[in-house]
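Colleague: The chain contents come next:
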Amino acid sequence: MRRILVGIKRVIDYNVRVRVRPDGSGVVTDGVKMSANPFDSIALEEALRLRERGEADEVVAVSVGPLEAQQQLRDALAMGADRAILVKADAAIEPPAVARVLLKLVERESPRLVLLGKQAIDDDCNQTGQMLAALWDRPQATSASKIEIQGDTARVTREVDAGLETIEVDMPAVCTTDLRLNEPRYIKLPDIMKAKKKPLDVIELATLGVDSAPILKVLKFEQPPQRQKGVIVKDAAALVAALKQKGLA
Amino acid sequence: MNRVLIVAEHLDGKLNAAVAKCVTCATAIPDAEIAIAVLAREGGTVAGAAAAIAGVARVLLVKNPANEPVLAAVLAPQVAKLAEGYGFVFGPSTTFGKDLMPRVAALLGAPQVSDIMAVESPTRFRRPVYAANAIATVESPAGRQIVATVRVASFQAAADGGQAPIETRALDVKLPQSTRFVSVSAARSDRPDLQTATRVVSGGRALGSAENFKLIQALADKLGAAIGASRAAVDAGYAPNELQVGQTGKIIAPELYVAVGISGAIQHLTGIKDARTIVAINKDAEAPIFEVADYGLVGDLFSLVPEIEKLL
Numbered sequence: 001m002r003r004i005l006v007g008i009k010r011v012i013d014y015n016v017r018v019r020v021r022p023d024g025s026g027v028v029t030d031g032v033k034m035s036a037n038p039f040d041s042i043a044l045e046e047a048l049r050l051r052e053r054g055e056a057d058e059v060v061a062v063s064v065g066p067l068e069a070q071q072q073l074r075d076a077l078a079m080g081a082d083r084a085i086l087v088k089a090d091a092a093i094e095p096p097a098v099a100r101v102l103l104k105l106v107e108r109e110s111p112r113l114v115l116l117g118k119q120a121i122d123d124d125c126n127q128t129g130q131m132l133a134a135l136w137d138r139p140q141a142t143s144a145s146k147i148e149i150q151g152d153t154a155r156v157t158r159e160v161d162a163g164l165e166t167i168e169v170d171m172p173a174v175c176t177t178d179l180r181l182n183e184p185r186y187i188k189l190p191d192i193m194k195a196k197k198k199p200l201d202v203i204e205l206a207t208l209g210v211d212s213a214p215i216l217k218v219l220k221f222e223q224p225p226q227r228q229k230g231v232i233v234k235d236a237a238a239l240v241a242a243l244k245q246k247g248l249a
Numbered sequence: 250m251n252r253v254l255i256v257a258e259h260l261d262g263k264l265n266a267a268v269a270k271c272v273t274c275a276t277a278i279p280d281a282e283i284a285i286a287v288l289a290r291e292g293g294t295v296a297g298a299a300a301a302i303a304g305v306a307r308v309l310l311v312k313n314p315a316n317e318p319v320l321a322a323v324l325a326p327q328v329a330k331l332a333e334g335y336g337f338v339f340g341p342s343t344t345f346g347k348d349l350m351p352r353v354a355a356l357l358g359a360p361q362v363s364d365i366m367a368v369e370s371p372t373r374f375r376r377p378v379y380a381a382n383a384i385a386t387v388e389s390p391a392g393r394q395i396v397a398t399v400r401v402a403s404f405q406a407a408a409d410g411g412q413a414p415i416e417t418r419a420l421d422v423k424l425p426q427s428t429r430f431v432s433v434s435a436a437r438s439d440r441p442d443l444q445t446a447t448r449v450v451s452g453g454r455a456l457g458s459a460e461n462f463k464l465i466q467a468l469a470d471k472l473g474a475a476i477g478a479s480r481a482a483v484d485a486g487y488a489p490n491e492l493q494v495g496q497t498g499k500i501i502a503p504e505l506y507v508a509v510g511i512s513g514a515i516q517h518l519t520g521i522k523d524a525r526t527i528v529a530i531n532k533d534a535e536a537p538i539f540e541v542a543d544y545g546l547v548g549d550l551f552s553l554v555p556e557i558e559k560l561l
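Residue numbers (this note's numbering), protein chains in the order written: chain A, 1 to 249; chain B, 250 to 561.
Calculated from the structure, these hints are not laboratory results.
Note that the structure is a prediction, hence the values are computed from the model and not measured.
Be aware that a few hints might be false.
[Stated by the list, open to error] Straight-line C-alpha distance at most 20 Å; calculated SDA-like pairs for lysine to any residue:
no., chain 1, residue 1, chain 2, residue 2
1, A, K220, B, A367
2, B, K559, A, Q228
3, A, K220, B, E388
4, B, K522, A, D235
5, A, K244, B, A367
6, B, K532, A, K220
[To be verified] Residues on chain A that point at chain B, a partial pick, calculated with CB under 8 Å:
no., residue
7, V27
8, V28
9, V32
10, M34
11, Q130
12, V233
13, A236
[As the list claims (entries may be wrong)] Some chain B residues close to chain A (C-beta under 7 Å, calculated; not the full set):
no., residue
14, T276
15, A277
16, V319
17, T344
18, K347
19, P371
20, A385
21, S427
22, S432
23, S434
24, A435
25, S438
26, P441
27, E491
28, A542
29, F551
Backbone N, C-alpha and C fix where the C-beta goes; we use that ideal spot for every residue, glycine too.
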């Protein structure tokens with residue numbers, strides 16, 4: 001079975017304006033819309049396309065998080081994943097521990113490809129995929145904007161500071177997705193009904209035997225300093241005059 | 250003594266300007282002793298440039314043909330080997346560092362602090378989360394090795410003037426063959442580099458086409474500025490991906506940032522918050538970009554931009 005494992009993280013929806021709690025203990029989450037991390041949806045879409053092109057037989061969506069993350073996995077099943085696994089973690093879990101959990105699942109599922117978002121838009125860490133690849137001792141291709149499978153290798157175009165870089169990795173491998181890899185499909189109503197019948201396993205984190213205690217401690221969250229609102233100038237001449245006065249033109 | 254190892258990013262024999270910024274970040278750790286690791290095919294010139302940065306105690310040069318072109322899977326085990334005895338292993342928060350450092354961290358069994366924007370103590374760091382809508386202060390356990398990427402927009406480059414010794418190291422590390430470089434398409438340009446430029450002119454979706462994006466080029470030429478773009482402009486194909494400014498693109502801190510036809514999505518604002526002066530030109534007076542702009546100009550960019558260019 002040629003399998004693709006896709007990571008799905010439940011995060012605050014990207015359209016929500018995130019606010020820090022007054023006591024600095026975190027950000028406001030009460031009544032806030034939660035969604036799958038957008039980069040993870042791109043990873044899932046790519047996995048589905050690879051399956052549709054005949055490069056995979058099964059797409060398994062996995063999440064490590066609270067019980068509520070079942071909702072994001074149901075969405076993944078509605079998008080087209082064949083089955084889903086939630087590793088239920090009640091406390092916050094850091095990228096190194098998530099990587100160890102994913103390694104456990106990789107050992108069980110033997111995927112040829114693990115597709116993850118390059119970063120989650122909550123902690124913006126950009127770590128998990130690379131850490132999993134290291135622990136698994138397999139290649140990584142991060143920030144992918146194109147993935148082509150040729151036999152047992154994947155040719156991946158990566159978005160890098162200089163432009164676009166192409167590398168070739170032997171599978172199994174870990175690949176993390178960037179924005180322009182694809183545009184995820186919309187979920188159709190009949191698919192939501194069908195998704196209810198697809199398997200979604202819930203595994204207790206404690207049963208995996210993974211050390212998941214956080215190493216770093218977040219002491220506080222703060223609102224970033226706000227920029228002062230400036231002035232509206234009346235025309236181009238006024239703008240150029242202002243810039244010249246500041247020595248910027 | 251807090252020993253810090255910084256992994257040097259370099260290309261075509263040139264040290265990336267981000268490295269000197271990492272040095273400034275490392276210098277903020279009390280009692281720091283800073284070493285720079287240069288992993289290269291030959292690397293003599295790069296090692297020389299690293300040794301000349303003020304505040305650097307030594308440069309560790311590892312020569313290996315496998316080190317160029319750069320592959321994270323090849324560099325990571327070497328960096329992990331070099332990192333023995335270092336409490337801090339830093340890399341720049343560029344696509345090079347983002348790719349490499351977590352792999353190093355996992356090999357070392359160390360946690361990673363991504364995007365350090367300030368050092369409060371040897372165990373306390375500030376970093377942006379939620380597209381920089383919140384700043385987290387994180388603490389690492391005392392005495393535990395940590396890996397970090399340095400948010401380059403938060404630090405000035407350390408000056409030259411150092412004369413650190415260069416030590417060549419031979420490493421007995423098995424390197425993987427399972428990752429191979431194929432090609433890189435990088436636009437060669439005489440323009441200033443987007444990430445380190447003091448002036449940047451960016452274009453957004455309102456430009457309407459790749460052809461119209463040339464308006465941005467003309468204005469940038471006049472200002473001696475680098476060119477940037479919003480995600481919308483890159484997605485629409487008006488500008489290449491390496492010009493994208495924002496949460497998932499480049500985070501920049503120029504003296505002057507001119508946003509043309511950019512509405513100012515949160516993700517874009519994340520990339521420009523540290524700019525000294527922001528200018529926004531947009532026909533929509535309600536666009537969120539005006540909330541952060543020092544100077545706003547409301548009107549048709551197609552007439553305003555050429556007009557500004559003429560006046561400069």
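Colleague: Now tell me, hint by hint, if it's right for this structure.
Modeller: Hint check results:
| no. | hint | in the structure |
| --- | --- | --- |
| 1 | A:K220 / B:A367 | 14 Å, holds |
| 2 | B:K559 / A:Q228 | 29 Å, violated |
| 3 | A:K220 / B:E388 | 10 Å, holds |
| 4 | B:K522 / A:D235 | 25 Å, violated |
| 5 | A:K244 / B:A367 | 32 Å, violated |
| 6 | B:K532 / A:K220 | 40 Å, violated |
| 7 | V27 | 6 Å, holds |
| 8 | V28 | 10 Å, violated |
| 9 | V32 | 11 Å, violated |
| 10 | M34 | 13 Å, violated |
| 11 | Q130 | 4 Å, holds |
| 12 | V233 | 6 Å, holds |
| 13 | A236 | 4 Å, holds |
| 14 | T276 | 22 Å, violated |
| 15 | A277 | 18 Å, violated |
| 16 | V319 | 9 Å, violated |
| 17 | T344 | 4 Å, holds |
| 18 | K347 | 5 Å, holds |
| 19 | P371 | 14 Å, violated |
| 20 | A385 | 5 Å, holds |
| 21 | S427 | 4 Å, holds |
| 22 | S432 | 5 Å, holds |
| 23 | S434 | 5 Å, holds |
| 24 | A435 | 4 Å, holds |
| 25 | S438 | 11 Å, violated |
| 26 | P441 | 14 Å, violated |
| 27 | E491 | 5 Å, holds |
| 28 | A542 | 5 Å, holds |
| 29 | F551 | 12 Å, violated |
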